[in-house]
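As a plain string of letters, each chain reads:
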Amino acid sequence: MVQRTAQYERAVHRYELNAAVRRSIIGGLDLPVDPDLVDDDQPLFGRGLELDSLDTLEIVSLMEEDFGVYITDEQRFVFGSVNKLVDFAEASQPALDGA
Amino acid sequence: MVEEKIVADQSSARPVALITGASRGIGQSSAVAMAEAGFDIVGFSQSGDSGNSETCRLVNLAGGAYVTHKVNVAVESDVRSAFRSLLTANGRRLHAVVVSAGITSDGLAATMSADRFDSVIAVNLRGTFLVCREAIKAMRKTGGAIVLLSSTSGVSGQAGQVNYSASKGGVNAMTQALAKEVAGLGIRVNAVAPGFTETDMFRRMDVKARNGLIQHIPLQRVAKPEEVARAVRFLATEESSYITGQILPVDGGLTA
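Top to bottom, those sequences are chains A and B.
Residue numbers for the first sequence follow our numbering, beginning at 68 and rising by one.
Residue numbers for the second sequence follow our numbering, beginning at 8 and rising by one.
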């Protein structure tokens, strides 16, 4: 029972963190998209949200300012999707809360 | 380790300039010149000069507020922490960044240790990059001006200064590359390349060597730090709004 509660809380926390990252990116880039309609596995670049290289700077800056997560070229894989960004954010800062 | 000391009122609407190496020399003179132009100053220095420092006193006299952070610009975590705290502490827009922190450690190439070479590159080149990287992020939405301190040694090279000359040559190339990379964000990047200047670095040279060098300067004297600072101020303000990617010699005609 305790384990299920912990799992539930973990799922809620993850859901809120994903939503916070989506809001941060969509708002920061001023994209005409509802953050709640962005699929967490949707590619951020190329097809998907169709972001370009200048948007990389904005996302890197937003992740640092809003979540305290620092991204460099070595972590380029994180731009694959919102889920990959949040995976990396949680791994680098385990105490992250849904900002 | 970063330490912040608020030494003046930060609630004002004056524009803000960040200056590294602000505790002395050209960095200190640049802080004063920018304060005279109406800026408040955030100073990065390795010593973390206090509210009683000469830089603070001079900036306050010129009408500017002064905040100082203890930062070793060669240490990535120092630079990141300092930027984070200065951006969150007052939420004010950063208008200009002057990267003045620099060191020399001269010697003949044949006997120069790798550590000595690396130590100069670490502060002068890596440190400049680290500060620029954070500055771009801070100014990405508002635009601004970045001024890097180069040297005539970065243009023509000086015997006994392979490390310093290489670092400043790198700063020159960085100026041009970065200017092209961030022009679209409204950020201008330029460098000032002083020749011989009355700083601690120059005063450490022996008198005979100094006099010998002066004979090669068309204006027959070394620069005062404030003369270099005026060029910094020009490139850091809207006075130079259509100039980017340039290296401006302030050398009494040495490289003419």
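Errors might be hidden in some of the hints.
What the hints assert, rightly or not - The calculated DSS-like cross-link candidates involving lysine-lysine, where the alpha carbons are at most 30 Å apart (straight line), are:
| # | chain 1 | residue 1 | chain 2 | residue 2 |
| --- | --- | --- | --- | --- |
| 1 | B | 187 | B | 148 |
| 2 | B | 231 | B | 215 |
| 3 | B | 148 | A | 151 |
| 4 | B | 215 | A | 151 |
| 5 | B | 231 | B | 144 |
Unchecked claim - Short derived list, chain B residues pointing at chain A, Cβ under 10 Å:
| # | residue |
| --- | --- |
| 6 | 91 |
| 7 | 148 |
| 8 | 150 |
| 9 | 184 |
| 10 | 187 |
| 11 | 215 |
| 12 | 217 |
| 13 | 220 |
Simulated from the structure, these hints should not be mistaken for laboratory data.
Quick caveat, the model's predicted, so the values are computed rather than measured.
By construction, the Cβ of each residue, glycine as well, lies at the ideal position given by its N, Cα and C atoms.
Against the structure, the hints come out as follows:
no.: 1; hint: 187(B) <-> 148(B); in the structure: holds (17 Å)
no.: 2; hint: 231(B) <-> 215(B); in the structure: holds (20 Å)
no.: 3; hint: 148(B) <-> 151(A); in the structure: holds (26 Å)
no.: 4; hint: 215(B) <-> 151(A); in the structure: violated (63 Å)
no.: 5; hint: 231(B) <-> 144(B); in the structure: violated (33 Å)
no.: 6; hint: 91; in the structure: holds (8 Å)
no.: 7; hint: 148; in the structure: holds (8 Å)
no.: 8; hint: 150; in the structure: violated (13 Å)
no.: 9; hint: 184; in the structure: violated (15 Å)
no.: 10; hint: 187; in the structure: violated (13 Å)
no.: 11; hint: 215; in the structure: violated (48 Å)
no.: 12; hint: 217; in the structure: violated (43 Å)
no.: 13; hint: 220; in the structure: violated (42 Å)
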